[in-house]
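Can you make the complete structure from the sequences, with help from the hints?
Listed in order, the protein sequences are those of chains A and B. Sequential numbering of the first sequence, starting at 141, is according to the working numbering. Sequential numbering of the second sequence, starting at 370, is according to the working numbering.
Keep in mind the hints are simulated off the structure, nothing from the lab. One thing to keep in mind: the hints can contain errors.
[Stated by the list, open to error] In silico PhoX-like links for lysine-lysine, alpha-carbon gap of 20 angstroms or less:
id, chain 1, residue 1, chain 2, residue 2
1, B, Lys-436, A, Lys-268
2, B, Lys-436, B, Lys-637
3, A, Lys-268, B, Lys-382
4, A, Lys-167, B, Lys-476
5, B, Lys-566, B, Lys-637
Note that the coordinates shown come from a computational prediction; the quantities given were computed from them, not determined experimentally.
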Amino acid sequence: MNLSASSLLAGKGKRGIWQKWNNWRNKNQLRYAPYLFISPFYILFLIFGLFPILFSLFLSFHSWRAVGGLSTMEWVGLKNFKFLLSDPWFWGSLWNTFILLIISGLPQHIIALPLAFILNSRLPRQLKQFLSASYFFPYITSTVAIALIFSTIFGLRYGILNQLLEFLADSSFTSWAFGWLDNSLPINWLGKAVYIKPAIAIVVVWHWFGWNTILYLSGLQVISDDLYEAARVDGATSWHEFWYISLPLLKPIIFFAVTMTIIGNMQLFDEPFILTGGTGGVGRSGMTVAIYLYRTAFNWTQMGVAAAMSWLLFLIIIIFTLINYAVLRKGVLERRGE
Amino acid sequence: MKIKRKLGISTNKIIQYFIITLLATITIFPLYWMFTLATQSPPEIFRAPPHLWFSTSFINNYQELIKAMPTFWRSMGNSIYVAVMATLTTLFFCSLGGYAFAMYDFKYKNQLFIFMIATMVIPVTLGIIPYYIMMSWLGWLDKLRALYVPGMASAFGIFLLRQYIASAVPRELMDAARIDGCGEFRIYWNIVLPMIKPGLATLGIVIFVGSWNNFLGALVVLQSKEMFTLPVALRSLQGLYTVNWGAIMSGAALSILPILIVFIFAAKNIIGAFIAGTGLKG
Numbered sequence: 141m142n143l144s145a146s147s148l149l150a151g152k153g154k155r156g157i158w159q160k161w162n163n164w165r166n167k168n169q170l171r172y173a174p175y176l177f178i179s180p181f182y183i184l185f186l187i188f189g190l191f192p193i194l195f196s197l198f199l200s201f202h203s204w205r206a207v208g209g210l211s212t213m214e215w216v217g218l219k220n221f222k223f224l225l226s227d228p229w230f231w232g233s234l235w236n237t238f239i240l241l242i243i244s245g246l247p248q249h250i251i252a253l254p255l256a257f258i259l260n261s262r263l264p265r266q267l268k269q270f271l272s273a274s275y276f277f278p279y280i281t282s283t284v285a286i287a288l289i290f291s292t293i294f295g296l297r298y299g300i301l302n303q304l305l306e307f308l309a310d311s312s313f314t315s316w317a318f319g320w321l322d323n324s325l326p327i328n329w330l331g332k333a334v335y336i337k338p339a340i341a342i343v344v345v346w347h348w349f350g351w352n353t354i355l356y357l358s359g360l361q362v363i364s365d366d367l368y369e370a371a372r373v374d375g376a377t378s379w380h381e382f383w384y385i386s387l388p389l390l391k392p393i394i395f396f397a398v399t400m401t402i403i404g405n406m407q408l409f410d411e412p413f414i415l416t417g418g419t420g421g422v423g424r425s426g427m428t429v430a431i432y433l434y435r436t437a438f439n440w441t442q443m444g445v446a447a448a449m450s451w452l453l454f455l456i457i458i459i460f461t462l463i464n465y466a467v468l469r470k471g472v473l474e475r476r477g478e
Numbered sequence: 370m371k372i373k374r375k376l377g378i379s380t381n382k383i384i385q386y387f388i389i390t391l392l393a394t395i396t397i398f399p400l401y402w403m404f405t406l407a408t409q410s411p412p413e414i415f416r417a418p419p420h421l422w423f424s425t426s427f428i429n430n431y432q433e434l435i436k437a438m439p440t441f442w443r444s445m446g447n448s449i450y451v452a453v454m455a456t457l458t459t460l461f462f463c464s465l466g467g468y469a470f471a472m473y474d475f476k477y478k479n480q481l482f483i484f485m486i487a488t489m490v491i492p493v494t495l496g497i498i499p500y501y502i503m504m505s506w507l508g509w510l511d512k513l514r515a516l517y518v519p520g521m522a523s524a525f526g527i528f529l530l531r532q533y534i535a536s537a538v539p540r541e542l543m544d545a546a547r548i549d550g551c552g553e554f555r556i557y558w559n560i561v562l563p564m565i566k567p568g569l570a571t572l573g574i575v576i577f578v579g580s581w582n583n584f585l586g587a588l589v590v591l592q593s594k595e596m597f598t599l600p601v602a603l604r605s606l607q608g609l610y611t612v613n614w615g616a617i618m619s620g621a622a623l624s625i626l627p628i629l630i631v632f633i634f635a636a637k638n639i640i641g642a643f644i645a646g647t648g649l650k651g
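As structure tokens, this is what we get:
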């Protein structure tokens, strides 16, 4: 098998040690090559993944201001964790993150599911492609650019959103639906604590609902047409089809998509960071845990506290994911048991 | 009876078309608005009712942008450099790793593979502080390589390409190549790589876009204006109250433009790439 060309070539006057190496390589490369090929991942993971993360766990039991070098690290035991658990800013940011998870997470899926269902029905192909592309585009757009656009859209006096709402509230056609807003207009979206979370949620929903839609659409496309056909013969409406065929069969994908939303939104950083100018906003009502973490580490250089916070957040994400698993998975398994 | 049913279906259709059109408008409008504002002068921007169409001040806005941020094109260059480097290195290391996992049997293969998959669940926020510390120890703060080297051999990429190679490359081909005296790396380079171009394109798109939009990582490690990538550069404009919105919007528009152009021509492939990607991330 290894009457190979390279060993013949190597014999042409090259040094003996080179030939030996070549022989050895030819004989053994099948055994060692795969390890060599996969080694970059493990080497990089050791250097940039495992070691730093273990160091951050170590760090979370220390007090350390990064500027001072390693010698200024001081063992404080659980003090960082105790501090955080009694820190109103931490609980506040956790609360903000949780509220944002709900008000920016739920609408994404409530919009995406029916939308994917409509896209999957008999629309002209061109139209379908155009729509999928438009819904999807925000996802690949830089969050910073998006947040900057929305900063202008949310402008107090001349922002297009307030102008639109004022128009809708005043116009005789739509005042029945929007008239109640009239007293609170113009809305100070980014300058008043109560409006910051809805403003962030609008941006996050806008950014992400298309991604979920495309994900659900790809799930719907594998559901056999026969099922819908059979249901139609039995007189099912679109609503029945959606509720009794699509939704149950999509459950595994819904589980996946919701899990991704939880993991992503619990770490929400880019959108609120830009919209609040990097501070967390008036009354810190736009400060998520990720922003608090960032500011603790890089504005206030409390590396130990920040490391502890990142571990607490990790734990919370695991707990939320498990809760989601318990809620949604249970449904899936029951269905199979039927 | 039949007529009634038909009528029912058509109202249904009307509602459906209304929903999809409304949502498409809501999705596209902010982007359209960004491009429009980029062409408007301050009096046009601060006007009620709003000026909804393109105007003539793009050049002025652009000049103001460059005045406020002379390093804008340098940031564009940095972004391109980082995204290209990230894409090329990731494609190389991930295809190599994916090839090994797909085409070889070796001891501890399954354990190593599961371990690699498990590392994908580590959340970004857990890594961000150690990432910063590691970069400062290596002296990589304010260096562009800090943005692409750590992710060069991503678990996600190896997984994606492993799946692709396993389905696209028959093992018999490798045996044939070995009999002809081909070394293992040459089999990968000369035979496998050309066969997996679609898989490489998929991963390449995901990596390029991810790198182009990377904000948190760049925010943490980049410090000087000369080294800023576009997201950080745009963000630094925000605090300057002397810069008008038209200028900021022209910067945002220019930063989105490359991705937008590519997307218009390859929307279908790009969406497919992300779906192929996400199906595996869980």
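Against the structure, the hints:
1. Lys-436/B with Lys-268/A: Roughly 43 angstroms separates the two Cα atoms, so the pair is violated.
2. Lys-436/B with Lys-637/B: 38 angstroms, violated
3. Lys-268/A with Lys-382/B: Since the Cα atoms of Lys-268/A and Lys-382/B sit roughly 14 angstroms apart, the hinted pair holds (cutoff 20 angstroms).
4. Lys-167/A with Lys-476/B: Answer holds: Lys-167/A to Lys-476/B is near 18 angstroms, not above 20 angstroms.
5. Lys-566/B with Lys-637/B: This hinted pair holds, its Cα atoms lying about 17 angstroms apart.
The structure fails hints 1 and 2 (numbered hints given earlier, in ascending order).
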